[in-house]
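Peer 1: Dock chain B against chain A, hints included.
Chains as they are written, first to last, in our numbering: chain A, 1 to 118; chain B, 1 to 113.
Check each hint, because a few of them may be wrong.
[Claimed, not checked] List of simulated lysine-lysine pairs, DSS-like, C-alpha gap at most 30 angstroms:
1. B/Lys-77 - A/Lys-41
2. A/Lys-44 - A/Lys-54
3. B/Lys-56 - B/Lys-68
4. A/Lys-41 - B/Lys-68
5. B/Lys-77 - B/Lys-108
6. B/Lys-108 - A/Lys-41
7. B/Lys-56 - B/Lys-108
8. A/Lys-15 - A/Lys-44
9. A/Lys-54 - A/Lys-41
10. A/Lys-78 - A/Lys-44
11. B/Lys-56 - B/Lys-77
12. A/Lys-41 - B/Lys-56
13. B/Lys-60 - A/Lys-41
14. A/Lys-15 - A/Lys-78
15. A/Lys-51 - A/Lys-78
16. A/Lys-78 - A/Lys-54
17. A/Lys-44 - B/Lys-108
18. A/Lys-44 - B/Lys-56
19. B/Lys-68 - B/Lys-108
20. B/Lys-77 - A/Lys-44
21. B/Lys-68 - A/Lys-44
22. B/Lys-108 - B/Lys-60
23. A/Lys-41 - A/Lys-78
24. A/Lys-44 - B/Lys-52
25. A/Lys-54 - B/Lys-108
26. B/Lys-52 - B/Lys-68
27. B/Lys-108 - B/Lys-52
28. B/Lys-52 - B/Lys-77
29. A/Lys-44 - B/Lys-60
30. A/Lys-54 - A/Lys-15
31. B/Lys-60 - B/Lys-77
32. A/Lys-41 - A/Lys-15
The set of hints was computed from the structure by calculation and includes no laboratory data.
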Amino acid sequence: EAGVTQFPSHSVIEKGQTVTLRCDPISGHDNLYWYRRVMGKEIKFLLHFVKESKQDESGMPNNRFLAERTGGTYSTLKVQPAELEDSGVYFCASNSLAPRAGEVDEQYFGPGTRLTVT
Amino acid sequence: GDSVTQMEGPVTLSEEAFLTINCTYTATGYPSLFWYVQYPGEGLQLLLKATKADDKGSNKGFEATYRKETTSFHLEKGSVQVSDSAVYFCALRLSGGYQKVTFGTGTKLQVIP
Numbered sequence: 001e002a003g004v005t006q007f008p009s010h011s012v013i014e015k016g017q018t019v020t021l022r023c024d025p026i027s028g029h030d031n032l033y034w035y036r037r038v039m040g041k042e043i044k045f046l047l048h049f050v051k052e053s054k055q056d057e058s059g060m061p062n063n064r065f066l067a068e069r070t071g072g073t074y075s076t077l078k079v080q081p082a083e084l085e086d087s088g089v090y091f092c093a094s095n096s097l098a099p100r101a102g103e104v105d106e107q108y109f110g111p112g113t114r115l116t117v118t
Numbered sequence: 001g002d003s004v005t006q007m008e009g010p011v012t013l014s015e016e017a018f019l020t021i022n023c024t025y026t027a028t029g030y031p032s033l034f035w036y037v038q039y040p041g042e043g044l045q046l047l048l049k050a051t052k053a054d055d056k057g058s059n060k061g062f063e064a065t066y067r068k069e070t071t072s073f074h075l076e077k078g079s080v081q082v083s084d085s086a087v088y089f090c091a092l093r094l095s096g097g098y099q100k101v102t103f104g105t106g107t108k109l110q111v112i113p
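With the rest of the complex left out, here is chain A:
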């Protein structure tokens, strides 16, 4: 069973450009979360999808960030236009409230996308 995957692993863009990060959750997981770690600080929650609906987007920093999850499968997080303070590692996580055998209901995290804005 594949884990949570994220693409790209690393992105370097200039200030003002647009970047789109992608997250593929574990198959069958209705819940999908985005988090980010900025400049070695704590990992902070951004938002939570249940299937294709945004359940909680209280952590989204501003309207330059747009998250989508069309069809309730993979999700994208677009930053437009990117600013220097957006640099950091963006993590995606998923879980199911009805875990299969061998799973738990805890959130499974992906490897993260390292975003560098210059």
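Peer 2: Chain B only, in chain A's frame:
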């Protein structure tokens, strides 16, 4: 709001030394507590967890006990190995698997031979 405070790093230890990484929390309600680990070049992995007071989570020789009276969840290991070098995050989550996870700042551990 909910928060997690963990000791600053980096922490450098010799192989076979005893490890303690302190973690305290503030939360409304009764959270579940976690330690996550990020090895170099890899994603976050759940290391251990405890869901109620006095529970002890353990995995790979690491242990942490949920202390409600001191609102703490310190991570310990009796004898660290070079392969334990990683960043360790203390975290909490309120009841319900759909709740967001609140993390500490992370503590980088380097174990030298």
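Peer 1: It remains to establish, for every hint, whether it holds in the given structure.
Peer 2: Do the hints match the structure? See the list:
no. : hint                 : result
1   : B/Lys-77 - A/Lys-41  : holds (24 angstroms)
2   : A/Lys-44 - A/Lys-54  : holds (17 angstroms)
3   : B/Lys-56 - B/Lys-68  : holds (12 angstroms)
4   : A/Lys-41 - B/Lys-68  : holds (25 angstroms)
5   : B/Lys-77 - B/Lys-108 : holds (15 angstroms)
6   : B/Lys-108 - A/Lys-41 : holds (12 angstroms)
7   : B/Lys-56 - B/Lys-108 : holds (23 angstroms)
8   : A/Lys-15 - A/Lys-44  : holds (22 angstroms)
9   : A/Lys-54 - A/Lys-41  : holds (25 angstroms)
10  : A/Lys-78 - A/Lys-44  : holds (17 angstroms)
11  : B/Lys-56 - B/Lys-77  : holds (13 angstroms)
12  : A/Lys-41 - B/Lys-56  : holds (27 angstroms)
13  : B/Lys-60 - A/Lys-41  : holds (26 angstroms)
14  : A/Lys-15 - A/Lys-78  : holds (14 angstroms)
15  : A/Lys-51 - A/Lys-78  : holds (18 angstroms)
16  : A/Lys-78 - A/Lys-54  : holds (15 angstroms)
17  : A/Lys-44 - B/Lys-108 : holds (18 angstroms)
18  : A/Lys-44 - B/Lys-56  : holds (26 angstroms)
19  : B/Lys-68 - B/Lys-108 : holds (25 angstroms)
20  : B/Lys-77 - A/Lys-44  : holds (27 angstroms)
21  : B/Lys-68 - A/Lys-44  : holds (24 angstroms)
22  : B/Lys-108 - B/Lys-60 : holds (18 angstroms)
23  : A/Lys-41 - A/Lys-78  : holds (22 angstroms)
24  : A/Lys-44 - B/Lys-52  : holds (23 angstroms)
25  : A/Lys-54 - B/Lys-108 : violated (33 angstroms)
26  : B/Lys-52 - B/Lys-68  : holds (8 angstroms)
27  : B/Lys-108 - B/Lys-52 : holds (27 angstroms)
28  : B/Lys-52 - B/Lys-77  : holds (21 angstroms)
29  : A/Lys-44 - B/Lys-60  : holds (27 angstroms)
30  : A/Lys-54 - A/Lys-15  : holds (28 angstroms)
31  : B/Lys-60 - B/Lys-77  : holds (9 angstroms)
32  : A/Lys-41 - A/Lys-15  : holds (21 angstroms)
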